[in-house]
Amino acid sequence: MISIKNLSKVFRTDEIETLALNDVNLNIKEGEFVAIMGPSGCGKSTLLNILGLLDNPSEGEYNFNQTEVANLKEGQRTDLRKGNIGFVFQSFNLIDELNVFENVEMPLVYQRISSKKRKEMVSQVLDRMNMSHRAKHYPQQLSGGQQQRVAIARAVVSNPGLILADEPTGNLDSKNGQEVMELLTELNREGTTIIMVTHSMKDAGYAHRIINLFDGKVVTEESLVAEQVF
Amino acid sequence: MNFYNIKISFKNLLKNKLVSSINISGLVIGITVSLLVFAYVNKEKNMDQEIPEIEQTYTLLNNKYPDISNCMVRHVRSEIPEIEAITLVRYTWSPQDFLKKENTAYKLNNLLLADSCFFKVFQFETVCGDPKKALNTADQIVLTQSVARKIFGDDNPIGKELVYNATSLQNVIVEVGAVIQDLSHHCSWEFDAVLSLETNYKIPWFKNNQEYWGTQNYSAFAKIPSNIDASVINQKLAKISVDHIPERYKDHTNFEIQPFSEAYNELPGIEILKHGNQLTLNVIQIIGFLILLLACINYINLVTAQKIKRLKNIGILKVMGSKKAKVVELIAVESALVLFLTSILVIVLSNFLLIGLNQITNSEFTLIEIFSGSNLIIFISLLAFTFVLTGIIPGIRFSKTKTTALLKNTVNTRSQNHMRNALLIFQFTITIILLCGILLINKQNQFLTELDPGFNREQILYAATNPQIEKSSSAFNSEIKRIPEISDYTYTSAPLGYNQSNWGLPMINKGEEQEIGFANLFVSPNFFDFFGIKLVQGKQFNRYSEENSDWIFNATAFKQFNIEKPEDASIPRNGKVGKVIAEVEDFNHESMHSAIRPMGFRSCKETDEYIYFKINTNSAASTQRCIRSINKVWENISPNFTLEIKYLDASWEALYKKEKQFQRILNYATIISILLSCLGLISLTYFIVETHTKEIGIRKTNGAKTFEIIKMLNTDLVKWVFIACIIACPIAWYSLHTWLSGFAYKTELSWWIFALAGIIAMGIALLTVSWQSWRAAKINPVESLRYE
Chain A
1 MISIKNLSKV
11 FRTDEIETLA
21 LNDVNLNIKE
31 GEFVAIMGPS
41 GCGKSTLLNI
51 LGLLDNPSEG
61 EYNFNQTEVA
71 NLKEGQRTDL
81 RKGNIGFVFQ
91 SFNLIDELNV
101 FENVEMPLVY
111 QRISSKKRKE
121 MVSQVLDRMN
131 MSHRAKHYPQ
141 QLSGGQQQRV
151 AIARAVVSNP
161 GLILADEPTG
171 NLDSKNGQEV
181 MELLTELNRE
191 GTTIIMVTHS
201 MKDAGYAHRI
211 INLFDGKVVT
221 EESLVAEQVF
Chain U
1 MNFYNIKISF
11 KNLLKNKLVS
21 SINISGLVIG
31 ITVSLLVFAY
41 VNKEKNMDQE
51 IPEIEQTYTL
61 LNNKYPDISN
71 CMVRHVRSEI
81 PEIEAITLVR
91 YTWSPQDFLK
101 KENTAYKLNN
111 LLLADSCFFK
121 VFQFETVCGD
131 PKKALNTADQ
141 IVLTQSVARK
151 IFGDDNPIGK
161 ELVYNATSLQ
171 NVIVEVGAVI
181 QDLSHHCSWE
191 FDAVLSLETN
201 YKIPWFKNNQ
211 EYWGTQNYSA
221 FAKIPSNIDA
231 SVINQKLAKI
241 SVDHIPERYK
251 DHTNFEIQPF
261 SEAYNELPGI
271 EILKHGNQLT
281 LNVIQIIGFL
291 ILLLACINYI
301 NLVTAQKIKR
311 LKNIGILKVM
321 GSKKAKVVEL
331 IAVESALVLF
341 LTSILVIVLS
351 NFLLIGLNQI
361 TNSEFTLIEI
371 FSGSNLIIFI
381 SLLAFTFVLT
391 GIIPGIRFSK
401 TKTTALLKNT
411 VNTRSQNHMR
421 NALLIFQFTI
431 TIILLCGILL
441 INKQNQFLTE
451 LDPGFNREQI
461 LYAATNPQIE
471 KSSSAFNSEI
481 KRIPEISDYT
491 YTSAPLGYNQ
501 SNWGLPMINK
511 GEEQEIGFAN
521 LFVSPNFFDF
531 FGIKLVQGKQ
541 FNRYSEENSD
551 WIFNATAFKQ
561 FNIEKPEDAS
571 IPRNGKVGKV
581 IAEVEDFNHE
591 SMHSAIRPMG
601 FRSCKETDEY
611 IYFKINTNSA
621 ASTQRCIRSI
631 NKVWENISPN
641 FTLEIKYLDA
651 SWEALYKKEK
661 QFQRILNYAT
671 IISILLSCLG
681 LISLTYFIVE
691 THTKEIGIRK
701 TNGAKTFEII
711 KMLNTDLVKW
721 VFIACIIACP
731 IAWYSLHTWL
741 SGFAYKTELS
751 WWIFALAGII
761 AMGIALLTVS
771 WQSWRAAKIN
781 PVESLRYE
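Line by line, the protein sequences are chains A and U.
So in full-length UniProt numbering, spot 153 of the first sequence is number 153, and the numbers just go up one at a time.
So in full-length UniProt numbering, spot 773 of the second sequence is number 773, and the numbers just go up one at a time.
I should point out that these hints are in silico values taken from the structure, not numbers from a laboratory.
Possibly wrong hints are sitting among the right ones.
[What the hints assert, rightly or not] Here are the simulated DSS-like cross-link-like pairs (lysine-lysine), alpha carbons at most 27 angstroms apart as the crow flies:
| id | chain 1 | residue 1 | chain 2 | residue 2 |
| --- | --- | --- | --- | --- |
| 1 | U | K132 | A | K136 |
| 2 | U | K579 | U | K605 |
| 3 | U | K711 | A | K119 |
| 4 | A | K82 | U | K694 |
| 5 | U | K694 | A | K73 |
| 6 | U | K778 | A | K116 |
| 7 | U | K632 | U | K100 |
| 8 | A | K82 | U | K778 |
| 9 | A | K136 | U | K694 |
| 10 | A | K82 | U | K705 |
| 11 | U | K11 | U | K312 |
| 12 | U | K202 | U | K101 |
| 13 | U | K202 | U | K100 |
| 14 | U | K239 | U | K133 |
| 15 | U | K43 | U | K274 |
| 16 | A | K82 | U | K711 |
| 17 | U | K711 | A | K73 |
| 18 | U | K711 | A | K117 |
| 19 | U | K705 | A | K73 |
| 20 | U | K694 | A | K119 |
| 21 | U | K705 | A | K117 |
| 22 | U | K132 | U | K202 |
| 23 | A | K73 | U | K778 |
| 24 | A | K116 | A | K136 |
| 25 | A | K116 | U | K711 |
| 26 | A | K136 | U | K711 |
| 27 | U | K576 | U | K250 |
| 28 | U | K705 | A | K119 |
Keep in mind the model is a prediction, meaning the values are calculated, not measured.
Whenever a hint applies, use it, and build me the whole structure from the sequences.
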């Protein structure tokens with residue numbers, strides 16, 4: 001599904017050049033659950049942003065679903081992202097002015113799906129996340145765990161093949177964190193590819209494979225499953 | 001306070017160059033324009049205050065009108081001895097007046113005729129001589145300083161003789177009795193010399209007219225002693241004896257006095273004074289206030305919006321141990337610095353704009369005048385007010401806010417949002433009202449210019465004649481006929497458009513006598529053909545009409561005086577009975593501000609006061625050649641008088657000068673208001689974008705395209721502008737309806753004016769905002785999401 005070759009990302013300000021990713025090579029197959037680990041500032045989020053087509057690499061190749069995407073324009077990246085990639089963030093990133101239903105509905109609006117169909121899809125996913133009774137509530141009325149469930153609902157509502165999670169349990173207590181991890185595992189079991197950035201060894205334990213980054217480079221890759229299920 | 005704070009403030013200003021400069025320039029423009037407007041309004045409202053003892057000076061009115069005759073003044077003077085002095089004044093009769101010294105003739109622009117009391121009532125500052133005594137006898141003249149200097153240079157002009165030439169008087173030797181200072185622009189008087197009224201007594205008809213109660217061609221002004229109240233005089237005037245008043249005027253005599261200081265704005269009928277327009281002035285004053293309000297609120301809003309961005313910095317300062325007082329000081333110093341810069345720029349900009357102001361308003365304002373008196377108080381209190389709102393209050397607020405809240409950026413800003421939206425609606429309401437205003441005024445001016453006044457104006461030149469032409473009329477007329485470009489010519493006693501004559505005569509209609517009032521005009525027999533005015537019934541003037549005192553009336557007169565057929569009516573005058581011989585179609589003989597009055601025409605002799613030339617060419621070159629030919633004839637026949645030729649269509653348009661001036665002022669006001677509204681919008685969008693950065697990121701991550709983000713950011717704005725439209729329309733309709741009611745001929749207050757104003761406002765708003773929205777929407781979502 002994902003194939004990255006010699007990928008680099010450089011951030012430039014007026015005087016300083018920072019090499020966030022340095023010659024990264026990576027392959028992720030469909031249906032995999034991959035955890036990316038490493039200390040703060042090692043380039044985890046940068047890698048995730050490039051994988052999620054939010055940002056372009058400075059150099060290298062990125063093949064997503066058999067398409068070369070490293071040098072796409074913003075509009076093309078947006079089109080490719082729509083319906084294919086879902087995002088889950090540490091700080092949930094729900095819009096305060098919209099209620100739960102509207103937050104979940106948002107990606108479908110931008111995919112120009114009819115409102116009737118949207119209603120159906122959102123209800124289905126909220127049911128699944130056990131959040132139907134909270135559809136009219138606003139984010140600030142929910143607990144952290146509930147907010148993250150809404151965020152996950154938003155990420156999966158359009159049935160994307162890939163979910164990118166940036167420290168999804170970082171703002172949650174252990175109980176809620178576990179719930180979220182179980183939810184992701186379940187989604188993965190149903191066939192969704194998941195790439196997750198995390199600091200927590202415990203969360204990484206849910207993944208099939210752990211990629212360790214250090215100073216923008218992949219230092220180790222360890223597989224957590226003995227037999228390949230793919 | 002220490003230097004450190006000033007340094008930080010400077011750095012902050014420079015860091016946000018664009019926002020700082022938008023911010024400061026908005027405030028500078030707003031304050032400057034409103035200060036200039038206030039200076040102008042102040043001047044207009046306090047006209048003539050520089051004249052000594054102005055509070056004891058009054059205008060004499062009869063039946064609420066300022067038209068007074070010599071007989072009336074004599075009567076009032078003898079009946080009410082408490083009046084210290086009362087003077088009789090008017091403009092010269094002559095279309096042209098010259099003073100000649102040796103062989104050089106100097107043309108006077110505004111010559112007054114006044115009796116000996118004029119300078120007792122109006123004590124203008126004297127340069128030399130004694131003006132109070134200078135007009136005591138005939139052939140005396142008082143000059144203003146600039147005229148005296150033009151004629152005599154640095155010599156003392158007192159007692160020197162000059163030759164006075166006018167249409168009715170030729171080669172009269174007059175003596176300079178006094179010289180007064182030039183009149184300032186704070187004075188409603190406008191003249192360059194005053195000639196003693198008695199000088200004109202050499203003209204027999206003029207002298208005779210002084211004995212008629214009804215010759216109300218003058219204005220009269222009275223001075224009353226400071227210890228007598230005006231109401232006392234008014235009571236006496238109300239009870240004035242009517243014994244010596246001619247029978248037919250007894251019922252029409254109602255004298256009263258009104259303070260002279262009110263004449264400028266309230267008595268436009270006094271044609272020897274300059275006048276202001278109360279309505280226009282009020283509109284301008286309101287606009288001044290609104291501009292000031294817009295600029296200040298804009299500034300305060302933008303500054304507070306920017307402060308939110310700096311909450312974190314202040315939080316850090318507090319963590320570093322900065323005390324509450326120091327936080328207040330930092331914000332205050334920054335605000336003071338900006339306001340100091342603003343004051344300097346206001347003074348600089350005022351200096352530039354003064355030239356424009358003086359040009360538009362025909363004034364002579366100086367920079368010191370703009371920054372003195374009430375204006376200085378307004379300026380300083382404005383700065384103090386803004387300082388408190390942008391320096392002290394946010395400072396105190398931030399100093400009291402918890403440090404953790406500052407660092408996390410969780411300070412509540414919701415109430416400020418409401419305030420900003422309300423401001424936006426307010427600004428756009430004003431902008432739309434002003435836009436409606438300029439659209440309608442434009443439409444009305446266009447309408448008036450295009451409206452057919454009922455007589456031909458194209459390719460017609462005219463000029464005031466003089467006694468020398470009158471004397472050699474046959475020679476002059478036959479010379480004029482020889483000029484190939486002139487196809488026809490005609491004479492009248494007053495220029496079309498400026499005929500303010502008002503005659504009152506008895507008329508016999510079907511055997512019954514009635515008193516009629518009408519505008520009178522002497523015309524050549526070919527007048528109606530010349531101007532394309534059609535006869536309704538009866539016959540044109542013929543060559544005996546002058547001798548027979550024949551009359552022609554317009555349709556309005558026929559209707560108003562109930563004349564059915566011309567032969568039913570006649571007018572007995574000076575022992576002769578003049579027949580009414582025809583009715584002509586109505587045409588506008590005055591500006592279209594007023595409806596058509598009854599008008600009576602008499603046939604003139606071979607010439608009269610004004611001559612009109614119809615030219616048979618369109619080209620400018622031939623017209624100039626024609627004018628040169630006329631001038632040649634003119635110089636031969638009347639060497640004492642220069643030819644001053646005018647275009648009839650141009651002088652007809654000049655009647656709408658005030659509307660054009662108002663239009664110009666309103667145009668500028670609208671531009672400034674739009675500019676300030678745009679600045680307000682920029683500040684609002686700036687704020688919206690700041691507070692929605694993360695939302696934009698989230699939406700883009702979830703598939704929103706740039707266009708969709710712009711749409712989202714602009715939708716709110718469209719909503720607010722639409723609400724502004726709804727509020728503005730009724731207000732605009734009401735004010736414009738009121739303005740239009742001042743015209744006898746008015747254009748329609750069409751619906752499209754409001755629609756167009758709304759569309760323009762909406763367009764400007766979208767243009768202003770979309771650029772910022774576009775920039776915000778283009779930001780990489782990764783950056784927006786990182787933004788906390």
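- Message: Which constraints among the numbered hints does this structure fail? Numbers only, ascending.
- Response: Numbers 1, 6 and 14 - these are the hints that the structure violates, sorted from lowest upward.
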